[in-house]
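Respectively, the protein sequence lines represent chains A and B.
If you count by full-length UniProt numbering, then the first sequence holds residues 1 to 193, one letter each, in order.
If you count by full-length UniProt numbering, then the second sequence holds residues 1 to 627, one letter each, in order.
These aren't lab readings, by the way, just hints derived from the structure by calculation.
Cβ atoms here follow ideal geometry from the backbone N, Cα and C, with glycine treated the same way.
Check each hint, because a few of them may be wrong.
Simulated DEER-style distance windows between Cβ atoms [unchecked claim]:
hint : chain 1 : residue 1 : chain 2 : residue 2 : range
1    : A       : Q46       : B       : D82       : 46 to 56 angstroms
2    : A       : Q164      : B       : L539      : 35 to 45 angstroms
3    : A       : M17       : B       : Y490      : 45 to 55 angstroms
4    : B       : M67       : A       : E53       : 30 to 40 angstroms
5    : A       : Q87       : B       : V42       : 28 to 38 angstroms
6    : A       : Q46       : B       : V344      : 17 to 27 angstroms
7    : B       : N22       : A       : Q46       : 30 to 40 angstroms
8    : A       : E58       : B       : Y490      : 51 to 61 angstroms
9    : B       : N22       : A       : Q164      : 29 to 39 angstroms
To spell it out: a stretch of chain B is covered by chain A in this simulated footprint if at least three of its residues, at any positions, have a beta carbon under 8 angstroms from a beta carbon of chain A; those stretches are [as the list claims (entries may be wrong)]:
hint : stretch
10   : 238-252
11   : 438-450
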Amino acid sequence: MEEKLNYIEAAEQPIAMHPKKFALWLFIVTVVMIFAALTSAYIVRQSEGNWLEFDLPEIFWYSSGIIVLSSLTFHWAYISAKKDNLQNLRIGMVITSVLGVVFLVSQWYGWIALVERDVYFVGNPAGSFLYVFTGLHGLHLVSGVIFLIIVLISSFRYKVHSKQLATLEMCVTFWHFLGGLWLYLFMFLLLNH
Amino acid sequence: MATAQSALHSATAHDDHEHHDNFITKYIFSTDHKMIGKQFLVTGIFWALIGGFLSVLFRLQLGFPEMDMSFLKPILGGWIDDTGALNPEFYLALVTMHGTIMVFFVLTAGLSGTFSNFLIPLQIGARDMASGFMNMLSYWFFFISGVIMFISLFLETGPAAGGWVVYPPLSALEQAIPGSGMGMTLWLIAMTFFIASSLLGGINYITTVINLRTKGMSFSKLPLTIWSFFLTAVIGLLSFPVLFAAALLLVFDRSFGTSFYLSDIYIGGEALSNTGGSAVLYQHLFWFLGHPEVYIVLLPALGITSEVIATNSRKPIFGYKAMIISMLGITILSFVVWAHHMFVSGLNPFLGSIFMFLTLIIAIPSAVKVFNYLTTLWRGNLIFTPAMLFSIGLVSFFISGGLTGIFLGNSAIDIQLHDTYFVVAHFHLVMGSASFFGLMAGVYHWFPKMFGRMMDAKLGYIHFWLTFIGVYLVFFPMHYIGIAGFPRRYYTWTNFEFSSMYTDLNMFISIAAILTFVAQFIFLFNFFYSMYRGRKASLNPWRSNTLEWTTPLHPGHGNWPGEIPSVYRWPYDYSKPGAKEDFIMQTVPLSATPESNLPHEQELVKLEKEIISEEEEVLIANESRES
C-alpha cells in the first residue's frame, strides 16, 4: 500500500526562470549598487561645500538622444528577430552598434568640452566625479558593444531567430539598462551640479 | 523555464555515461561544485594558518615587549632589528594583514565559498550550480587575489599597514608609512579580484537557489543552511560593489592625483596640492560594505549551526519561520547601521542616535536566534559529535560577544570604548570565533560527504576543548584591558607608569593565543589524515534528513546517478511522534508515513491526491487530443 502511494504523489515544480537571464539581472543589480554608491558619495561630498560650479557640456544632450535612439533601433531589431525577419534584425543591430560607438565618441567630446571649461579629472572633486561617472559608464558601454557584436556575429550564423532568443534578449536587457543608467546619471547631474 | 528544464535533462543524460576527467579538469580547473567547494576549503585553511601565524607574531610583541625575537630572523629577516626587536612599521602591517586575511580570505571565501558551493546544489537537489564556468572563475579569481596578497607580504616596504579598513589619508599617501606604497597597491589589486570572485560566486548562489530547486523544494522546505547562504549572497551582491566604488576612488587618489578623500594635508611642513576631498566619505562608503560584511561572515555559520544543532538534538529546529524572519531582518538591518562604526568621526550626534537606535534593533533578531538554538537544545536527545560541540560553542560566543555589542552600539559608551581592546574582544568573539566555530562545525559535519570518510571524533573533542577554552582565555581578558583604556593597533603601551599595568594580562593572553594556535594543528592532522586513512563513512552517518545524504558515498559530477529525488516535507522531521525512526528524510512522501502525520498533514495528503488525479485527467485528455 505504502509503496504504491509513493509514486502517485507528485511534488510541485518550483517557479524557475532562465538561469542565465536571472544571473544577468543580478549583475545589473551590482552595477546599480556601484553607481548608487558613487552618486550618493557625490551628494555627501557636495553637501560639505568647496564645490566647483560649472555648466554641463551641451553635447551630453546629444549623447542622451543617441543612446535613446539606439535602444529604439535595438528594440526594432528584437521585434524583427521575433518575426524571423533576419534581414531587419541584422540591419537593426548594425545601426545599434554604430550608435553605441557614436555615443562613446560623443562622450569623449563631452570630456573635451569639460577640459575647455577648465574642469579636469585632477582637481576639485566636482569635476573628478563627473569623469568617474562618465568613464565608468563608458566602460560598461564598451562591454555592451562587445556583447552586441558577439550577438551580431551569431545572427549572421543564423543562430538568432524566433526559437532562439535568449542571448539576444539578454543583450537587449543589458543595452536598455545601460541607456537607462546614462539617463539617470545625466538627470542626476542636471539636478545636482 | 523551458531552458532550465532542458539544462536539467542534459545533465541527466550527461550523467548516464561514464566520463573520465584527467587530473587537471578534475582537481584544478574543475567546474564541479563539490570540487570547487573543497578548493575553497583548502585555500581557506592555508590562509587561516597564515593569518593565525601573523597574530602569534604580534601577540609576542604585545605580551613580551622586551623580548629578543632574533630567533624569528630566518622568517622575518630585516623586520627584526639587531637588538631583536620587531619593527614597529611591520607590526602595523601584521595587524592589517591579519584582519584582511581573516575577514576576507578565511571567513568570507573559506566559509561561504566552501559551504555555499558544496551544499547548495546538494541540499536543494540540483546537478550543479547554475553556471559551473562562472563558479570555476570565482575560485580562480580568489586564487589570483590570494597570490597577489601573498606576494605583498614579502615586499621590501612591507604589505599594506593602514589597518584592514585602509582609511585614507594614511592609505592614500605613499609618504605616510612604508606600507602605503607598493603594499597598498597590491592590496587594492588583490581586493578587486576578491570582489569579482565574491560577486561571481554570489550571483551563482542566488541564481541556483531560486531557479534550480528540485521538485517540491519550496522556500518553506529549504534547510536553514540554504536560507543563510542565500541571504549571505544577497548581502554580498549589494555591498561588495560599494566597496569596489570606494576602492576605485582610492585608486584614483593614490595613482592619478585626484582629491576624493584628500584635503589640506601637510607632510614634512609641505602642503600637498590635494584640496576639496573628504576622508569621512571613504568611511561611509567602506562601512556600507564593512558592516554587512560582518553578516556575510556570520550568517553562513549560523545556518550551519541550525542544521547541526537540529540534527544532533534529534529535534525539529525551534521556530523555523522565526529563524528565517530573523535572518531576513538581520539582512535588511545590516545595511542601515554602518555609521555606528563612525560615532567618533565627527558624525552629527543626532544622526548618531538614529544609527544607535537601528543598531540596537539588531539585538532582537539575534536574540530570537539564540533563543531558538537554546530551545532546540532543550530536552533534546543530544548527541555530542565534534560538529555539535562546535555549534554549541558558536552559540556561547554569539551570546557573550553579542552582549558587548549592546554596549558598543550605544554612541555615548562607544566614545569611551572606541578603538580599545574592548572592541577587539567584542568582534573577535561574536564575529571571528563564532564564525570560525561555524566553519569547524561544518567541516566536521560534512567531512563524510566531502571525502567519504569520517574524521576522528576523539581528536575532534580535544581540538574543540582546547580551542573553546583557548578562545575565552584570549578574548575575555581583553574586555578588561579595553575598559581600562588600552588602545588598539598600538605597538607598545608601556611608556607610562599607569599603562605598564597591562603587561601581565597581555602576557597571559599571548600565551593562551599561542596554545590555541598550536591546538589547530590537531585539526590539521585530523583533516588530512582522515581524508586518506579515516574510517569509511556510511551513507547517512548523522541520520540526517536533508538531500545530500541521499547521494552515493562519492557523488559524481551530477550528484545523483538517476533522477533527482523529489522533496515532500521540511528538513526537520526529527523524533516525530509515531514515526518508526527518529528521523524522516525529506524524500519520504507524507502519504508513506500515515502513522506519524499530524492532522493538518493528513489533510495535505488528501489535497495532494486530488490535485494529482486532476492532473492525470488533464494529462490523459491532452494525450488523446494529440493522438
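For which of the previously enumerated hints does the structure constitute a violation, in increasing order of number?
-> 4, 5, 7 and 11
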